[in-house]
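Listed below are the residues making up each chain.
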Amino acid sequence: MDLLSNLSVGLSTAISLQNLGYCLVGCILGTLIGILPGLGPAATISMLLPVTFGLDPTGSLIMLAGIFYGAQYGGSTTAILINLPGESSSVTTAIDGHEMALQGKAGLALSTAALGSFFAGTVATLIIAAFAPLLANAALQFGAVEYFSLMILGLIASVALARGSLMNALAMIVLGVIIGIVGSDPGTGRLRLTFGIPELADGVNIVSVAMGMFGLGEIIYNLAEQEKKRTAIKAPFRSLLPSFADIKAMSPAILRGTALGSVLGILPGGGAMLSSFASYALEKKVARDPARFGHGAIEGVAGPEAANNAGAQTSFIPMLTLGIPSNVIMALMAGAMIMHGIQPGPNVIHDQPELFWGLIVSMWIGNLMLVILNLPMVGIWVKLLGVPYRLLYPSIMVFCCIGVFTLNNSVVDVYVMVLFGLVGYIFRLLGGEPAPLLLGLVLGPMMEEYLRRSLQLSRGDPLVFVQHPISAVLLAVAAVLIVIAVLPSIRRKRDEALQEA
Amino acid sequence: MIARYLGDRSILLGIILLAIAAAVLIIASDYALGTTRRMGPGYFPMVLAVLLAGFALALIARGIFGDHDPVDAFAALPAVYILGGAASFGLLLRGGGLLVAIPVMVVVVGFASRQLSFVASLMLAVVLAIGSVVVFVTLLGQPIPVVGDWLRG
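In order, the protein sequences belong to chains R and F.
Here the first sequence is numbered in our numbering, starting from 85 and rising by one per residue.
Here the second sequence is numbered in our numbering, starting from 79 and rising by one per residue.
Since the hints were derived computationally from the structure, they do not count as laboratory data.
Mixed in with the good hints there might be a few duds.
Claimed, not checked - Some chain R residues near chain F, calculated using beta-carbon distances under 8 Å: (1) Arg474; (2) Leu475; (3) Gly544; (4) Pro546; (5) Val548.
Said to hold, decoys possible - Okay, the calculated bits of chain R under chain F, using three or more residues with CB under 8 Å as the criterion: (6) 258-271; (7) 514-524.
Virtual Cβ for every residue (Gly too), placed ideally from N, Cα, C.
Next up, chain R with everything else stripped away, as it sits in the complex:
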């Protein structure tokens, strides 16, 4: 069967000593930053993009992916042991997970999280393997018109499901697109919005922007708050093994979480965080005794953990098959691919099968590594939490500055990073989220190209976007999403669901 032969291609690629090594490094780094508060996968991935430039593309993507889903594992560890979620997707885990820890069941909570995540990761890998080629083949039928509408849908979907004001996010997207077109116009070569700075002729570097907004912005934000000291609960090794009764209790939640996460992850705008929140709400709804939640219900850990891992992995699908990043991390991965000269899109599966399938299989291998890293070795990670933030952030800044410089050996990129650090912080204070801006930045140039081609094909008729049936459907869905996001009653329910945790 095609699926098996694809997976075997992937396996042979992923098992190479080099790629196993990259996977391990990614997973360790991911766990590390997942555990350390104040440093997230977005900032880390953008910091490492310059480093991966010298590596081969498959290895780079494997490592960066490892950082991403590794952070989901690491975040749960701190959420359970210290009630300090390392990642936004671990917020729900902290609710019941920490309660379990306080009741002396820390080991059980940790293993529930790890096993749930592993199961979800396995299933998600299979889903990607089965589903992605179909999606890519369907997308090959797409022309410039369909692509433009798909990008519009992707952008709108990514903000409609997220928290915060829709209008703010849309404005941020438009701003991001504007920044994205800085540089030479692809049609005429005319330099646009470069303000006479020659280094901007190739456009504003996504890594500089990402590091400024996520790296520097995050640091400023953290320093503005106070350093809090928390004590960690110990989890001896023997307590890690769950009993059969425990496994019976957690299994349905894991299954539900996996299903929910897999679906929500594929949707643009979905991903780890949304999946975990949705799963927690679902578990509470279907539980026979909802009062247990908040007091150490094992389903409150199993469901969201499975969901966030499934969501994290399936969120690769839109980017790898359609070339549409559904969240910031995927936008950065797309940036990494572009840096290596690979244009993300439906052709990737056919032109670079070792890259695609190697990445998919290594995701499963990474999950395996992570279970080992997170369970027996949990004690080591907890010790790391002792590193005070005041020593950490200067080190992060050194890494950021050097990393950004090495992209083009240009100090201008450092200044761009500083500018976006300032801009990012100010906007965040005013309610403008950085993620939509970054998405707009990545998709902007492509959108202009598709728009130009579409209008050329239609000889200047803008109605072409509703005349092509697929495009019309895509735009209609986008419109529906806007309506859903704006309707007061649904908005209240959504805010409630997000407030729950």
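With chain R held as given, fit chain F onto it using these hints.
Only chain F this time, still in chain R's reference frame:
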């Protein structure tokens, strides 16, 4: 009254975005617009600027007519030190090299934390400077100046 308006998040955001949109509009009007059928370099930027202006005005309207949404305090001090430190790195890298740029940056950035003593930041500065030279230049072979133009005589 004015203070209430200027302290509202949506209004401030709207004003800033409106200014940016106006700037883009002015700059892009210099580029050839072309026609819808054959978009010139100025076409897309103009469309985006108009779109952004629209959102900006909507935000301002929301700020005026909707609930008051006050801005949180601007943590000027950490921002100044962090951003200033990174900027100083950029300024000093070519001239002073890593061995000058990194310590200066770490010390400047160190002021942003109330818990980091000056002595500690100096020690950290030295460690990070040497460490990054070892990791980035020696191990990874990146062409970053270790000692800059000023010091090379």
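Do the hints match the structure? See the list:
Checking Arg474/R against chain F by beta carbon gives a least distance of about 4 Å; that is within 8 Å, so the hint holds. At a threshold of 8 Å, the smallest CB-CB gap from Leu475/R to chain F is about 6 Å, leaving the interface hint in force. A hinted interface residue such as Gly544/R counts as satisfied when its beta carbon comes closer than 8 Å to some beta carbon of chain F; here the least separation is about 3 Å, so the hint holds. Interface restraint check: Pro546/R against chain F, minimum CB-CB distance 7 Å, threshold 8 Å, status holds.
Annotation: Val548/R was flagged as interfacial toward chain F, and the flag is violated, the nearest CB pair being 11 Å apart, outside 8 Å. With 7 residues bearing a CB less than 8 Å from a CB of chain F, the stretch 258-271 of chain R meets the requirement of three and the coverage assertion stands. Evaluation of the coverage hint for the stretch 514-524 of chain R: fulfilled, as 3 residues show C-beta separations to chain F shorter than 8 Å, against a requirement of three.
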